[in-house]
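Residue numbers (the numbering used here), protein chains in the order written: chain E, 1 to 141; chain P, 142 to 282; chain H, 283 to 360; chain X, 361 to 438.
Think of the hints as simulated: they come from the structure by calculation, not from any bench.
For glycine and all other residues, C-beta sits at the position ideal for the given N, C-alpha and C.
Each hint should be verified, as a subset may be incorrect.
Stated by the list, open to error - Pair by pair, the computed Cβ-Cβ distance ranges are: (1) E:Ser15 with H:Asn346: 33 to 43 angstroms; (2) E:Tyr87 with H:Gln343: 51 to 61 angstroms; (3) H:Glu337 with E:Arg69: 28 to 38 angstroms; (4) X:Asn396 with P:Lys145: 31 to 41 angstroms; (5) H:Ser342 with E:Thr13: 54 to 64 angstroms; (6) P:Lys232 with E:Asn64: 22 to 32 angstroms; (7) H:Asp348 with P:Lys232: 40 to 50 angstroms; (8) E:Asn42 with H:Gly329: 48 to 58 angstroms; (9) H:Gly329 with E:Thr13: 23 to 33 angstroms; (10) P:Lys184 with X:Gly407: 28 to 38 angstroms; (11) P:Lys184 with E:Asn64: 47 to 57 angstroms.
Claimed, not checked - Residues of chain X placed beyond 12 angstroms of chain E at every Cβ, according to the derived structure: (12) Ile362; (13) Val388; (14) Arg392; (15) Gln393; (16) Arg394; (17) Gln421.
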Amino acid sequence: MKNKINVVISEETLSIDTVYQDVHDELCGGICLFVGTVRNKNKGKNVTHLDFETYTPMALKEMNKIGQRAVDQYDIQHISIFHRSGYVGIKDIAVIIAVSSIHRDACFQACQFAIDTLKETVPIWKKEHLDDGSYWVGARP
Amino acid sequence: MKNKINVVISEETLSIDTVYQDVHDELCGGICLFVGTVRNKNKGKNVTHLDFETYTPMALKEMNKIGQRAVDQYDIQHISIFHRSGYVGIKDIAVIIAVSSIHRDACFQACQFAIDTLKETVPIWKKEHLDDGSYWVGARP
Amino acid sequence: MINIKYFGIAKEIVGNDVAFIESSTISVADLRQRMNEQYKAFKQIKGYMVAVNQEYAIDSQIINADDEVAIIPPVSGG
Amino acid sequence: MINIKYFGIAKEIVGNDVAFIESSTISVADLRQRMNEQYKAFKQIKGYMVAVNQEYAIDSQIINADDEVAIIPPVSGG
Numbered sequence: 001m002k003n004k005i006n007v008v009i010s011e012e013t014l015s016i017d018t019v020y021q022d023v024h025d026e027l028c029g030g031i032c033l034f035v036g037t038v039r040n041k042n043k044g045k046n047v048t049h050l051d052f053e054t055y056t057p058m059a060l061k062e063m064n065k066i067g068q069r070a071v072d073q074y075d076i077q078h079i080s081i082f083h084r085s086g087y088v089g090i091k092d093i094a095v096i097i098a099v100s101s102i103h104r105d106a107c108f109q110a111c112q113f114a115i116d117t118l119k120e121t122v123p124i125w126k127k128e129h130l131d132d133g134s135y136w137v138g139a140r141p
Numbered sequence: 142m143k144n145k146i147n148v149v150i151s152e153e154t155l156s157i158d159t160v161y162q163d164v165h166d167e168l169c170g171g172i173c174l175f176v177g178t179v180r181n182k183n184k185g186k187n188v189t190h191l192d193f194e195t196y197t198p199m200a201l202k203e204m205n206k207i208g209q210r211a212v213d214q215y216d217i218q219h220i221s222i223f224h225r226s227g228y229v230g231i232k233d234i235a236v237i238i239a240v241s242s243i244h245r246d247a248c249f250q251a252c253q254f255a256i257d258t259l260k261e262t263v264p265i266w267k268k269e270h271l272d273d274g275s276y277w278v279g280a281r282p
Numbered sequence: 283m284i285n286i287k288y289f290g291i292a293k294e295i296v297g298n299d300v301a302f303i304e305s306s307t308i309s310v311a312d313l314r315q316r317m318n319e320q321y322k323a324f325k326q327i328k329g330y331m332v333a334v335n336q337e338y339a340i341d342s343q344i345i346n347a348d349d350e351v352a353i354i355p356p357v358s359g360g
Numbered sequence: 361m362i363n364i365k366y367f368g369i370a371k372e373i374v375g376n377d378v379a380f381i382e383s384s385t386i387s388v389a390d391l392r393q394r395m396n397e398q399y400k401a402f403k404q405i406k407g408y409m410v411a412v413n414q415e416y417a418i419d420s421q422i423i424n425a426d427d428e429v430a431i432i433p434p435v436s437g438g
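Just chain E, same shape as in the assembly:
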């Protein structure tokens, strides 16, 4: 079966089940999911919520590249990468990556590769809102 790569940027709440179903087929024995959620603390400060700004067309292209590289590098079946935009509250889901494979090592490796690379290359920016202000994460030296 052909590898399927799916990437989504959504203003709506992300559903783990949707992303799971997206990569699940009867050939796959293992599915690894990574779910990134919003913590209530960062460096001792109280976080109230995040705002994600996205350069959407380029972000989708970069997410697709990650999917393609994952398929090329690891023996996986399907990969889906879903990312939120806009307001994301504490405990809410910012990102879900799901990878299916016939044997399980590949889905772990590809999933970790995908989240690591997403954080380096995909043009999405997180503004963290604290009790006492807000700032763009990682923007300052």
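Assemble the complex: chain E is given as a structure, and chains P, H and X must be docked to it using the hints.
What follows is chains P, H and X alone, placed relative to chain E:
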């Protein structure tokens, strides 16, 4: 917050969301889930379904040990391991492991450790039913 | 008498999920030997572990009459 | 004129999500220099990438008038 370890063996369909909610809290930035499902093929044979037999009290003890070792070895928050017993159809879920952590590397490592160890130590046996017979997986030399 | 639980392929070979051996106390190694004599088909298994009171046991461990003993063929969960 | 999109902290510094530079063709390196002169606060950013037509561009790349250009401060998705 105290680490939480939860292990379940169930005759009912497993819910990814239940296991996710089990490990999710507002301190966690990353959650890694492994979902093991039933493939329709094994070594070229058509699989119709599986039957899991469990030595339940000992299996739960061994699953708890895995959770405890994961907490001891990796910087994780919570870990939950859910395993099916009885009849499991094609594409159905046999096992779900969820691990939450403040930083994401730990949840990947602990999740993979948990599924690898589960497959070695937990007294659960899989009978694979094929078109033309059935056999206990891994039992013969 | 010691009660022994059997699982998976071992249960199929024995034809029951519990069977007994006539002994009050026995080492795991001696139990293995008696099992292998009684159930020749155990030779066709890849090997098995013995659990005593729900913990994997080494060959030198002594089993007593009220222990919970189980024959654990190669596991295949997940 | 070349239109340039700004995101994140760069958008905050510029005060708008699109701005222009008076040029028909320019290298990425020269664009960076003009940006840094025009918006002194860019020095406070950890650095930024330039994307041309939604691909990361190296300093020697030439930007033309109808290209889609974007200033990409350090990304922080996930």
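Verification of the hints:
no., hint, result
1, E:Ser15 with H:Asn346: 33 to 43 angstroms, "54 angstroms, violated"
2, E:Tyr87 with H:Gln343: 51 to 61 angstroms, "60 angstroms, holds"
3, H:Glu337 with E:Arg69: 28 to 38 angstroms, "45 angstroms, violated"
4, X:Asn396 with P:Lys145: 31 to 41 angstroms, "50 angstroms, violated"
5, H:Ser342 with E:Thr13: 54 to 64 angstroms, "57 angstroms, holds"
6, P:Lys232 with E:Asn64: 22 to 32 angstroms, "26 angstroms, holds"
7, H:Asp348 with P:Lys232: 40 to 50 angstroms, "44 angstroms, holds"
8, E:Asn42 with H:Gly329: 48 to 58 angstroms, "51 angstroms, holds"
9, H:Gly329 with E:Thr13: 23 to 33 angstroms, "50 angstroms, violated"
10, P:Lys184 with X:Gly407: 28 to 38 angstroms, "52 angstroms, violated"
11, P:Lys184 with E:Asn64: 47 to 57 angstroms, "34 angstroms, violated"
12, Ile362, "17 angstroms, holds"
13, Val388, "16 angstroms, holds"
14, Arg392, "17 angstroms, holds"
15, Gln393, "20 angstroms, holds"
16, Arg394, "21 angstroms, holds"
17, Gln421, "15 angstroms, holds"
Checked against the numbered hints above, the structure violates hints 1, 3, 4, 9, 10, 11; every other hint is satisfied.
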